[in-house]
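Visitor: Residue numbers (the numbering used here), protein chains in the order written: chain S, 1 to 305; chain V, 306 to 630; chain U, 631 to 904.
Since the hints were made in silico from the structure, they are not lab data. Any given hint could turn out to be false.
Taking lysine-lysine and the DSS-like style, the derived pairs with C-alpha atoms no more than 25 Å apart in a straight line are [stated by the list, open to error]:
1) Lys329/V / Lys205/S
2) Lys205/S / Lys560/V
3) Lys220/S / Lys329/V
4) Lys433/V / Lys205/S
5) Lys399/V / Lys220/S
6) Lys220/S / Lys339/V
7) Lys205/S / Lys568/V
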Amino acid sequence: MGRFIARRLLQGIVLLFLVASVVFVLGRLTGNPADLMLPEDATAEDRARLIASLGLDGPMHIQFARFVGNALQGDLGTSIRMRQPAVDAFLSRLPNTLALIPWALLLAMAVGIPLGVVAALNRGRFLDRAAGTAAVLGIATPNFWLGIMLIFFFSVELGWLPSGRMGGPEHYVLPVITLGTFLTAGFMRLTRSSMLDVMESEYVKLARIKGLSETIVIWKHCLRNALIPVLTLWGVFVGNLITGAIVTETVFAWPGVGRLTYEAVIYRDFPLLQAVVIMKSILILSVNLVVDILYAYVDPRIRYS
Amino acid sequence: MSSDTVLEVRDLATHFHLRRGIVKAVDGVSFTLKRGEVLGLVGESGCGKSLTALSIMRLLPKGGARTVRGQILLDGEDLLARSPREMRDLRGSKISMILQDPQTSLNPVFTIGEQLREAIYRRTGGSKAEIMPEAVEALRRVEIAAPESRIGQYPHQMSGGMKQRVVGAIAMCGAPQVLIADEPTTALDVTIQLQYLKLLQRLQRETGMAILFITHDFGVVARLCDRVAVMYAGRIVECGPVARVFERPAHPYTKALIASVPKMTGAAGRLTTIEGQPPSLLDLPPGCRFAPRCAAADDRCRESYPSSFDIETDHTADCWRLEAR
Amino acid sequence: MRRMPWIPAVIIAVIVAMALLAPLLAPHDPIDQTLKDKLLPPYWMDGGDSKYILGTDAFGRDILSRLIYGARVSLIVALLALTAGGGVGLLIGIVAGYLGGFVESVLMRLVDAAFTFPAILFALLLAVTMGQGLGTLVIAISLLLWASFARVIRGEVLTLKQRDFVALAKVRGCSTPRIMLTHILPNVLNTFMVLVTLNIGVVIIAEASLSFLGAGIPPPTPTWGLMVSEGRGRIADAWWVSLIPGIAITLLVLSVNLFGDWLRDRLDPRLRQL
Numbered sequence: 001m002g003r004f005i006a007r008r009l010l011q012g013i014v015l016l017f018l019v020a021s022v023v024f025v026l027g028r029l030t031g032n033p034a035d036l037m038l039p040e041d042a043t044a045e046d047r048a049r050l051i052a053s054l055g056l057d058g059p060m061h062i063q064f065a066r067f068v069g070n071a072l073q074g075d076l077g078t079s080i081r082m083r084q085p086a087v088d089a090f091l092s093r094l095p096n097t098l099a100l101i102p103w104a105l106l107l108a109m110a111v112g113i114p115l116g117v118v119a120a121l122n123r124g125r126f127l128d129r130a131a132g133t134a135a136v137l138g139i140a141t142p143n144f145w146l147g148i149m150l151i152f153f154f155s156v157e158l159g160w161l162p163s164g165r166m167g168g169p170e171h172y173v174l175p176v177i178t179l180g181t182f183l184t185a186g187f188m189r190l191t192r193s194s195m196l197d198v199m200e201s202e203y204v205k206l207a208r209i210k211g212l213s214e215t216i217v218i219w220k221h222c223l224r225n226a227l228i229p230v231l232t233l234w235g236v237f238v239g240n241l242i243t244g245a246i247v248t249e250t251v252f253a254w255p256g257v258g259r260l261t262y263e264a265v266i267y268r269d270f271p272l273l274q275a276v277v278i279m280k281s282i283l284i285l286s287v288n289l290v291v292d293i294l295y296a297y298v299d300p301r302i303r304y305s
Numbered sequence: 306m307s308s309d310t311v312l313e314v315r316d317l318a319t320h321f322h323l324r325r326g327i328v329k330a331v332d333g334v335s336f337t338l339k340r341g342e343v344l345g346l347v348g349e350s351g352c353g354k355s356l357t358a359l360s361i362m363r364l365l366p367k368g369g370a371r372t373v374r375g376q377i378l379l380d381g382e383d384l385l386a387r388s389p390r391e392m393r394d395l396r397g398s399k400i401s402m403i404l405q406d407p408q409t410s411l412n413p414v415f416t417i418g419e420q421l422r423e424a425i426y427r428r429t430g431g432s433k434a435e436i437m438p439e440a441v442e443a444l445r446r447v448e449i450a451a452p453e454s455r456i457g458q459y460p461h462q463m464s465g466g467m468k469q470r471v472v473g474a475i476a477m478c479g480a481p482q483v484l485i486a487d488e489p490t491t492a493l494d495v496t497i498q499l500q501y502l503k504l505l506q507r508l509q510r511e512t513g514m515a516i517l518f519i520t521h522d523f524g525v526v527a528r529l530c531d532r533v534a535v536m537y538a539g540r541i542v543e544c545g546p547v548a549r550v551f552e553r554p555a556h557p558y559t560k561a562l563i564a565s566v567p568k569m570t571g572a573a574g575r576l577t578t579i580e581g582q583p584p585s586l587l588d589l590p591p592g593c594r595f596a597p598r599c600a601a602a603d604d605r606c607r608e609s610y611p612s613s614f615d616i617e618t619d620h621t622a623d624c625w626r627l628e629a630r
Numbered sequence: 631m632r633r634m635p636w637i638p639a640v641i642i643a644v645i646v647a648m649a650l651l652a653p654l655l656a657p658h659d660p661i662d663q664t665l666k667d668k669l670l671p672p673y674w675m676d677g678g679d680s681k682y683i684l685g686t687d688a689f690g691r692d693i694l695s696r697l698i699y700g701a702r703v704s705l706i707v708a709l710l711a712l713t714a715g716g717g718v719g720l721l722i723g724i725v726a727g728y729l730g731g732f733v734e735s736v737l738m739r740l741v742d743a744a745f746t747f748p749a750i751l752f753a754l755l756l757a758v759t760m761g762q763g764l765g766t767l768v769i770a771i772s773l774l775l776w777a778s779f780a781r782v783i784r785g786e787v788l789t790l791k792q793r794d795f796v797a798l799a800k801v802r803g804c805s806t807p808r809i810m811l812t813h814i815l816p817n818v819l820n821t822f823m824v825l826v827t828l829n830i831g832v833v834i835i836a837e838a839s840l841s842f843l844g845a846g847i848p849p850p851t852p853t854w855g856l857m858v859s860e861g862r863g864r865i866a867d868a869w870w871v872s873l874i875p876g877i878a879i880t881l882l883v884l885s886v887n888l889f890g891d892w893l894r895d896r897l898d899p900r901l902r903q904l
């Protein structure tokens, strides 16, 4: 198991390096990144000074080395607008986003998985079609619009829930629903197709031959196996949540890293955006690693090979 | 129904209702299984053997399959008249089944011990601690070495032969009166096959259970079975004691089958085959289903389905050619 | 679902018509500001004006006209992104699948990496560095697509290259590029089209999201995502500005998904597994 972890860790580092390289290149695609940070009326000397101070002069490989060197020391640039190290800005906001994500994931699983099981059990009948339609609707509705409409209904018109900002439990309701809807549909579809596959297995037939009750056959023998593919996608799902948070936090004025990303885009704060992308990549890689380890634990076939 | 018959199947028919038509996969199958005997059910792939077994267990696959007529009398009671609940109670206790592919019959995410425990629990109840010794004993009975160490293992950690023994152990947990074995050795290595058959034989003699042994392998039938039923295109065409069916096959299909088995003795030559293909189950001929491939077939054979004729005691075949006698 | 889903088909047809015939259908110029007419509700409500059927936004621009022109953007971007992203994915899939070995390893590793990291982030980065515009947007959305295309196509190619007609071509002395082009490519087109139908919805939502975040086509060009964003600030008293374009997006993606499902089912039920 230790070797497995070590190998995945190494893969993660290589991927991270790849990401950093891509970010580096993207930043220099259309000239010197310093140009993005200069006001309109900057003079040539201003420009030269900025470039030197940021270490953006010199040949590419030197720049890259500087970039990586700084990164390893935890320096991913300074936000233009906020005038603080980008990493600090990110880390200070991160807990707020992390407060939101687990709830969305929980909602998606609590609603999506049972729906998927019900749909699979009632294949082709009304319940299946209804669940399927709900799922397609969940996927088709853009989450930024959903959030705005929810605010309109529950906050503006009905006044039941607050329209944004972080706070007590009532502040969590709408953002979690917005963030989790797309994912719920995904869980439902995946569980359904996975269950359908598993339900035809020979070992399910054997469970019935043993005379086990239908409840046990479905919820113990089928679901346990059907959830394995779902688990492998957890990494992807969390990745979706992290990006989904960009829009959700923006709509609900939630002070997390998603909103930070939005601000970096709107204000063309390139150093901040660069840092955000790299930090988020680290986050996603970590989650994927944890998921892989969990997967090995859940599927005994992987564990013992 | 005499008291020494434990399972009697009368005119069983299971059809698949598909969009393109009705596939009559099992179409009027009748046989009896006596207590303590081993009946072989042979036929080529696709003749309906497995589906017959599933019909008896009432575990038809999803997708349009329905048992449309017949009676399945287990100890005198018709299984087709039972409620799902009653049927469930019977499965695993009075009647049980071994599936063909050991690689897929066991649930990969549960230990062997857990899968055995489920089966034992149904019969005796009890806590995990109470049941485990029984589980170990069940493994020992199917000749698995060091059963205590195997209890905590997962299926993928075992060989195919061992897995199939576990499947056998699970099937026997409820001390069934009837065991249906659906080609249990087909997926095993040839060297393991023999061991497994010997195991089955021993278990059968110890418990006195009746076995319906489904296979396409005549060698296995010769070794294990008391009687044999030959199946073709959804019906049984011949049935009788093994020795007699082998020495004096009555139905042209049986004759052809036996002739096509390569012989170990005598001169080597070309292998005999049976000309043609089995009929499509969507579009069955009105008469004998083997007629298109039968050298001795005449118009009557093609037009009406042959009745059953007794060749000698307890040996019947469905063929018009036998009417004269 | 045997019968063709009429409603989704009609919706798609209407929106395509909107896109193609925008200049003919739109009652007003979409970017023409008439500030005295700003924030008028749809005509069936109090204060509405039949001149502006669906009302106006904060700059007095007709919502219906902007909606119609917005359809253009959505469909053009979808078309371009699917061609570019799908095309690149197709190419990489064929090359990786057919050549195998080291090339395949490297390319598939790249695909795995692309799957791990959310492309939206790179899209945003692109928008900031390269500036907003159609080109940036198309490249950004293509980044979302290419990996899934590449992976599926490569799988297809792996099975294809075992087939006899490929061996025959090799025996006849066909060069590798020629085999890939004339033998492999036509046979994966079916799968390619299926992937395209599966991803239209994804692309439309991606474009809308990027527009909403201010990383799409810059104003004053009307795009549905941008319209939703513009209406956000006045949601309390002018909810129609955000509601209407959002409904359009949802309806289009819904229709495309439902119709696409039916189409795939019709063509080959086996493809459902995709």
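Visitor: Look at each hint and say if it fits the structure.
Guide: Against the structure, the hints come out as follows:
1. Lys329/V / Lys205/S: Distance of about 22 Å is within 25 Å: holds.
2. Lys205/S / Lys560/V: With a Cα-Cα distance of about 35 Å, the restraint between Lys205/S and Lys560/V is violated, given a limit of 25 Å.
3. Lys220/S / Lys329/V: 34 Å, violated
4. Lys433/V / Lys205/S: Holds. Lys433/V to Lys205/S sits at ~24 Å (cutoff 25 Å).
5. Lys399/V / Lys220/S: 24 Å, holds
6. Lys220/S / Lys339/V: 37 Å, violated
7. Lys205/S / Lys568/V: Status violated; Cα separation ~38 Å.
Hint compliance for this structure: hints 2, 3, 6 and 7 are broken, all remaining hints hold.
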